[in-house]
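Q: In case you want the letters, here they are:
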Amino acid sequence: MNMQQAIKMTAAETALVDAYTAQIGDLPGDGAVLSLRDMLVDELKTAGLPTRRVESWHYTDLRTLLRAVPSADPSAFADRVDPIVPGSSVLSVRNGQADLKSVPEGIAARSYTESLIDGSAVAGLAVLGADDAIGRINGGLVRGGLEITIAEGAEFQAPIEIQVAQSHGQAHTRFPISFGAGSKATVIERHLSTNAEASFVSSVSDVTLAEGADVIWIIVQQQGPADTHLGQIRFDLGKSAKLHLFVINAGGKLVRQELHGRASGEGADLTLRGINLLGGESHTDVTFTLTHAVPHTTSSEIIRNVIFDRARGVFQGKILVAKDAQKTDAKMACNTLLLSDEADMSAKPELEIFADDVQCGHGATVADIDHTQLFYMLARGIPEKKARAMLVNAFVAEIVEELEDDEALVEALEGVISAWLEKHA
Amino acid sequence: MLEIKNLHARIAEDGTEIIRGLDLTVKAGEVAAIMGPNGSGKSTLSYILSGREDYEVTEGDILYNGESILELDASERAAKGIFLAFQYPVEIPGVATMQFLKVALNEQRKYRGEDELTTPEFMRRVKEAAAELKIAPEMLRRPLNVGFSGGEKKRAEILQMALLEPKLCILDETDSGLDIDALKVVADGVNALRSPDRAVVVITHYQRLLNYIVPDSVHVLYKGQVIKSGDKSLAHELEANGYADIIEAAA
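Sequence order for the protein chains is A and B. In terms of my numbering, the first sequence is residues 1 to 425. In terms of my numbering, the second sequence is residues 1 to 251.
What the hints contain is simulated information worked out from the structure, not anything from laboratory work. Please read all numbers here as calculations on a predicted model, not as lab measurements. Think of the CB as a built atom: it goes at the ideal place given N, C-alpha and C, for glycine as much as any other residue. There's no promise every hint is true.
Below, a list of computed lysine to any residue pairs in the SDA-like style, where the Cα atoms sit at most 20 Å apart [to be verified]:
| # | chain 1 | residue 1 | chain 2 | residue 2 |
| --- | --- | --- | --- | --- |
| 1 | B | K80 | B | N65 |
| 2 | B | K102 | A | S340 |
| 3 | A | K385 | B | D54 |
| 4 | B | K102 | A | S418 |
| 5 | A | K385 | A | S340 |
| 6 | A | K386 | B | K80 |
| 7 | B | K102 | B | L117 |
| 8 | A | K385 | B | G113 |
| 9 | B | K27 | B | I4 |
| 10 | B | K102 | A | R388 |
| 11 | A | K386 | A | L351 |
| 12 | A | K386 | B | D61 |
| 13 | B | K42 | A | T372 |
Between beta-carbon pairs, the in silico distance windows are [claimed, not checked]:
| # | chain 1 | residue 1 | chain 2 | residue 2 | range |
| --- | --- | --- | --- | --- | --- |
| 14 | A | R310 | B | H205 | 46 to 52 Å |
| 15 | B | R141 | A | E114 | 46 to 52 Å |
| 16 | B | E121 | A | D79 | 39 to 45 Å |
| 17 | A | G415 | B | R125 | 41 to 47 Å |
| 18 | B | H8 | A | S300 | 49 to 55 Å |
For reference, chain A alone in the conformation it holds in the complex:
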């Protein structure tokens, strides 16, 4: 029996369901994958996009904010661009389709479309929970991406850039990636738009670090000014695995980047650093959850937001320390520079602690440019506009400089930030 349709669908909801209906028979997947897709799209039809009444979407009422979804255009074509860090190995996904012609040495990659067709993707397609709207939309509509395996002990000198480029229309991609024990790599997951036409993009990365793996994972979101970007990364950290997760949001009109992780092995360590650059009328939401599941794991999170014009920023961070996870050490901070009276920031850091021998803390600050610092710079002959730009840059550069071991990387990321600031400040 069909479920009663509970809601009157919005234009965006209708467009998403229509995109699915139009592709029936064409979307890749075996029987199990296809019936899972059906179920996910049915849930979307029944429940609709999440509203502010859903706790985890309280500050990003997707149903209201997402006014339109451009239709998918199979003929869309995005050009490949130079990687952020010169000399990186580039894995390219353009308009949702993986380009496997140039897979760098030492990386085993196959198209995610194949995993859908042979059904091996089905377990990973499950949503994280009832409020996992990104997982639901993506699971229903995903056509491509990359499945990557990094061999045990493999080490890479140059960064690996997963370049997800979009011209217009829709793209839904997935990236299941496993890092073998003791492997060491820097991965740049980069989302960009090659023009100003509207895109609707969803992307889910599913990252597993085996024992002792040491990974720097950098999400650089540079979508166009009319784009909607719904990103999610799920990560699992094995024994003594180390993940330095870095998120830079420098684009998009409506952006939600979710980061959901679990420290599953003793000695696992997460460093999360986020830089959100917001201007115009954009809305950017970074939502983070981390479960410290076992004893002796550590995490540290610092998010820095720079908000101009009438933009709105959201940070939700929830750290959960399981009952057995004694000796957990977790520290979370969210600092915001509000550069206009109409700019807005909502920060919601949360700790849920079930163990009794832990060190956890969190804090959030919102401020304008420090006037004493500004005067000091002016008093040395630096004109006000330049002084302000330097102070804004300094506020976020501090965090990038933590990656000092890789100078080329620091320089490249500083370049992304200063390019954005030059355009918007």
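Given the coordinates of chain A, assemble chain B onto it according to the supplied hints.
A: Relative to chain A, chain B alone:
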């Protein structure tokens, strides 16, 4: 070089009048000391001269080389050669000291229509000036003033002054928080900059600094006015007898 005429100024936010009819003239080549008890308006005067927007001039004028600077913002005044050595140098995390020095120097040069310095030339000048002031190169690699000790901050101020080669140097309580060795290094740095075309205004609460930077004139500031001027012997007199007698005589 500097003529302050019947200056009245107040705090912009609450209108509190701090400077109440101040007159002061400092000639090129002169070192003028401004002394006064706490709350007399010494630091405020230094901020007003350098263009801090928290203060409003309500009456009078400040002439620098014969021209009023009231309409110039702080960065323009700096580029024209007015330098304030801060009582409390400001920490700026995320801005490397070297980058700051280079931007400041080149922005000032740009304003004056001069060519920017090449990096090697810039480095040469910094190294030279740093060595004079016993500033370790490691310090210059740190973010501006971050983690510097009190003495290091004051030396870094004098380093900036030496590099920027201002014409009018205002030292606001540069001696505060310095031990005697650091005080000597800083004073030597200032004395090295004394020249016939440069004026120095030394703002200080105590006479101690003036043993090392010997002034040509001493002015006593009280309730926002200069109530007495004299030569360096006035500073010794203040040290021996305090401010009470002079304040009484002026009342």
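Q: Does each hint hold? Answer for all of them.
A: Going down the list of hints, with the structure as the test:
no.	hint	result
1	K80(B) <-> N65(B)	10 Å, holds
2	K102(B) <-> S340(A)	29 Å, violated
3	K385(A) <-> D54(B)	18 Å, holds
4	K102(B) <-> S418(A)	18 Å, holds
5	K385(A) <-> S340(A)	15 Å, holds
6	K386(A) <-> K80(B)	18 Å, holds
7	K102(B) <-> L117(B)	8 Å, holds
8	K385(A) <-> G113(B)	19 Å, holds
9	K27(B) <-> I4(B)	12 Å, holds
10	K102(B) <-> R388(A)	16 Å, holds
11	K386(A) <-> L351(A)	39 Å, violated
12	K386(A) <-> D61(B)	29 Å, violated
13	K42(B) <-> T372(A)	18 Å, holds
14	R310(A) <-> H205(B): 46 to 52 Å	48 Å, holds
15	R141(B) <-> E114(A): 46 to 52 Å	51 Å, holds
16	E121(B) <-> D79(A): 39 to 45 Å	42 Å, holds
17	G415(A) <-> R125(B): 41 to 47 Å	28 Å, violated
18	H8(B) <-> S300(A): 49 to 55 Å	53 Å, holds
Violated hints, in rising order: 2, 11, 12 and 17; the structure is consistent with all others.
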